[in-house]
Structures are given as structure tokens and as C-alpha cells.
Amino acid sequence: MTSPPVIELEQLTVRLGNREILKGLTGQLKARTIGLLGPNGAGKSTLIQTLLGFIQPTSGTARILGHDIRSERSAVHGLVGYMPENDSFISHMSAVGFVRYMAELSGLPAEAALERAHEALFYVGLGEARYRKLGDYSLGMKQMAKLAQAIVHGPKLVILDEPTNGLDPAARVRMVKLIQEMRDSGSVNLVLCSHLLKDVEETCEEVLILKGGRLVHVSNLAEERRMNKRFLELETQGSRNGFLDAAREIGCECADLGNGRVKLVLGDGVEVKEIYRLAGERDLQLRRLSHRRDSLEDIFLRAMENND
Numbered sequence: 063m064t065s066p067p068v069i070e071l072e073q074l075t076v077r078l079g080n081r082e083i084l085k086g087l088t089g090q091l092k093a094r095t096i097g098l099l100g101p102n103g104a105g106k107s108t109l110i111q112t113l114l115g116f117i118q119p120t121s122g123t124a125r126i127l128g129h130d131i132r133s134e135r136s137a138v139h140g141l142v143g144y145m146p147e148n149d150s151f152i153s154h155m156s157a158v159g160f161v162r163y164m165a166e167l168s169g170l171p172a173e174a175a176l177e178r179a180h181e182a183l184f185y186v187g188l189g190e191a192r193y194r195k196l197g198d199y200s201l202g203m204k205q206m207a208k209l210a211q212a213i214v215h216g217p218k219l220v221i222l223d224e225p226t227n228g229l230d231p232a233a234r235v236r237m238v239k240l241i242q243e244m245r246d247s248g249s250v251n252l253v254l255c256s257h258l259l260k261d262v263e264e265t266c267e268e269v270l271i272l273k274g275g276r277l278v279h280v281s282n283l284a285e286e287r288r289m290n291k292r293f294l295e296l297e298t299q300g301s302r303n304g305f306l307d308a309a310r311e312i313g314c315e316c317a318d319l320g321n322g323r324v325k326l327v328l329g330d331g332v333e334v335k336e337i338y339r340l341a342g343e344r345d346l347q348l349r350r351l352s353h354r355r356d357s358l359e360d361i362f363l364r365a366m367e368n369n370d
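Here the sequence shown stands for residues 63 to 370, numbered as in the numbering used here.
Some clues are possibly wrong.
Said to hold, decoys possible - No farther apart than 35 Å at their CA atoms in a straight line, the calculated lysine-lysine pairs in the DSBU-like style are these: (1) Lys273 with Lys335; (2) Lys195 with Lys260; (3) Lys260 with Lys218; (4) Lys218 with Lys204; (5) Lys273 with Lys204; (6) Lys260 with Lys239; (7) Lys335 with Lys260; (8) Lys273 with Lys239; (9) Lys204 with Lys92.
Stated by the list, open to error - Using C-beta positions, here's what the derived DEER-type ranges look like: (10) Tyr193 with Gln73: 45 to 51 Å; (11) Val334 with Ser121: 29 to 35 Å; (12) Asp360 with Gly169: 39 to 45 Å; (13) Glu173 with Ala284: 56 to 62 Å; (14) Ala284 with Arg344: 17 to 23 Å; (15) Gly331 with Glu82: 29 to 35 Å; (16) Pro66 with Glu343: 52 to 58 Å; (17) Leu348 with Glu285: 26 to 32 Å; (18) Glu134 with Glu285: 29 to 35 Å; (19) Glu134 with Gln242: 57 to 63 Å; (20) Gly169 with Glu367: 43 to 49 Å.
Keep in mind the hints are simulated off the structure, nothing from the lab. C-beta: ideal position from N, C-alpha, C; glycine also.
Take the sequences, apply the hints, and build the full model.
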């Protein structure tokens, strides 16, 4: 039996007051880790709050792991863990008391909730500080406590809203490694909303990009990178007679820019070593070679430009 998509959007529309925030979003997301991207005001927060049931759709719907957010709200709540961008702590509580409380709100019995709270705090690296008051925690520790309460009840989907926000470089690396570890465990699906494209690129397999309340791009990152053409810019010295023809014969697109400069688009399966081989066979000196693939930033900027 085929597993349902992690998130399925079906003409999802949200209007708040006189303003339409989400505009008929339709698409399926199937990867274990999904990046949610878009400029400020694109509708990312509204989409998260709608998936969580905090905002009711005006029309259309969405499904999380096959459960409709309109008609199966209780089932959705049991499946999802949420790490909010802003702190939502009871500052005088200890971390273990707070995480236990959140576990009980998610439906765990008191004894099981306490056990899972200890486990979650040790998992995120707060085991030694679990009895300290949350109000005394550093920013990095608070972020880890938020992650602990999001995973304590064993959800099937965890939504992380700006999980590295405000962290110093070392704390950011720890958070990213935890996200990668959860992804690689195979036991939980993740949605990562972040302004930091590097975080998404390092952790996510699929991205959803919003702009102006519309879904402008959905793609599997690995497939997108394979499909994107690879560009080489060469500075050469010597005769290029035969070199460009030979490059075309192995599937490259070529342009002679003059003054020894050549631009190539590598064909499928063609590696840079082939270009060195062709140049060597023709005594053509390669003085400089720059090679790049499309990054997530390229994909994001292209989505913005193509949907003005």
C-alpha cells in the first residue's frame, strides 16, 4: 500500500479580514524533510498555523499524512509536533516540568509523560540542565527546550519554525546536526521554515516556495540539482581549433566568447575531467576554469524572478 503524501494541499485558501493570505495552494510534498521558503509576507506563518488548526481555511483543504485538517483535527494534533519561532515558556517552571506538561497536553499519561520528558531533554543535550528554570536558560538552551517539547509525544511530523534563529555558530551547528539526525532516523517527517537557505539546503530533501500567498515552486532538491545544467567558464591559451567541436560531440553546448574565453554547458553524464582530456589532446592550455551547479539560492531566486 502506497503511503500518503506528508502534506497535500488542495486549493487551500485563507482570507483574514478583507485580505486573501493564501491563494488556492495545490501540491503534494512527499519527502521526509521539507523546506518552507518565501520572502516576508509570503504566507509561510499562515500556512503553518492553518496546518496546525489555529486558522480555519476559507476554502479548500490540506491533509497531513492522509488526515484532513478540517474533518480530522484531533488525529492531526496527535500526529504533529510544533517548535514555534517565538518563546512560549512558563519561565518559573523547570525544563523537565514544562516538557512533561506539554507531553500530557498531547495526550500522554502522567507517568509516561515524565519519562518521555527526561528522554527528550537528554536527546537535545539538556539532560544535565533539565531541573533548571527555563527563565534562566540561554537563548540556545531555550531553542533546544522548544525542540524537546515538540518531539516529546513521538509525533510523525515535526514543524520547526526558524529553529536556528538567533543562535551563535556553534549552537546553530548543534541544531542542524540534530535535525539531520532526526531526518536520517527515518522515524519522523520534518517541515523546516527558515530564512537561512543554508539550513534548508543542509537538511531538506524537498522545498516549497511561497510568494505573495501563492505556491510558486515545489521541487525535490536532489532531482532539481541533477536536472539543472552545469556551467563551465574557461580561459584558454593556444588554438581552440577542434576543441569546441570535440566538446559538442560529447554533448556539451559551447560558446566562443573571444580573447581565449570559452563557455560550456556540460551535457548529461559529462564530467570536468573530460574537458581536461579534450584540451590535453589538442595542446590547449586551460589557464582558468570555474565550475558551478545551481544552489538552493539559485533555485529560490529563479522562483522569485519567474513569478513577478
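Status of the hints after comparison with the structure:
1. Lys273 with Lys335: Violated, because 40 Å separates the two Cα atoms, which is more than 35 Å.
2. Lys195 with Lys260: Distance of about 32 Å is within 35 Å: holds.
3. Lys260 with Lys218: holds, 25 Å
4. Lys218 with Lys204: It holds: about 23 Å lies between the C-alpha atoms, which stays within 35 Å.
5. Lys273 with Lys204: With a Cα-Cα distance of about 31 Å, the restraint between Lys273 and Lys204 holds, given a limit of 35 Å.
6. Lys260 with Lys239: Given pair Lys260, Lys239 holds - Cα atoms ~13 Å apart, limit 35 Å.
7. Lys335 with Lys260: Satisfied, since the Cα-Cα distance of roughly 28 Å is no more than 35 Å.
8. Lys273 with Lys239: Holds, because 29 Å separates the two Cα atoms, which is no more than 35 Å.
9. Lys204 with Lys92: holds, 30 Å
10. Tyr193 with Gln73: 45 to 51 Å: holds, 49 Å
11. Val334 with Ser121: 29 to 35 Å: Since the Cβ atoms of Val334 and Ser121 sit about 51 Å apart, the hinted range of 29 to 35 Å is violated.
12. Asp360 with Gly169: 39 to 45 Å: holds, 43 Å
13. Glu173 with Ala284: 56 to 62 Å: Given about 43 Å between the Cβ atoms, the range is violated.
14. Ala284 with Arg344: 17 to 23 Å: At roughly 35 Å between Cβ atoms, Arg344 and Ala284 fall outside 17 to 23 Å, so the hint is violated.
15. Gly331 with Glu82: 29 to 35 Å: violated, 46 Å
16. Pro66 with Glu343: 52 to 58 Å: holds, 54 Å
17. Leu348 with Glu285: 26 to 32 Å: Between Leu348 and Glu285, where Cβ atoms are some 31 Å apart, the hint holds.
18. Glu134 with Glu285: 29 to 35 Å: For Glu285 against Glu134, whose Cβ atoms are near 31 Å apart, the range 29 to 35 Å holds.
19. Glu134 with Gln242: 57 to 63 Å: Given a distance of about 30 Å, which is not inside 57 to 63 Å, the answer is violated.
20. Gly169 with Glu367: 43 to 49 Å: holds, 46 Å
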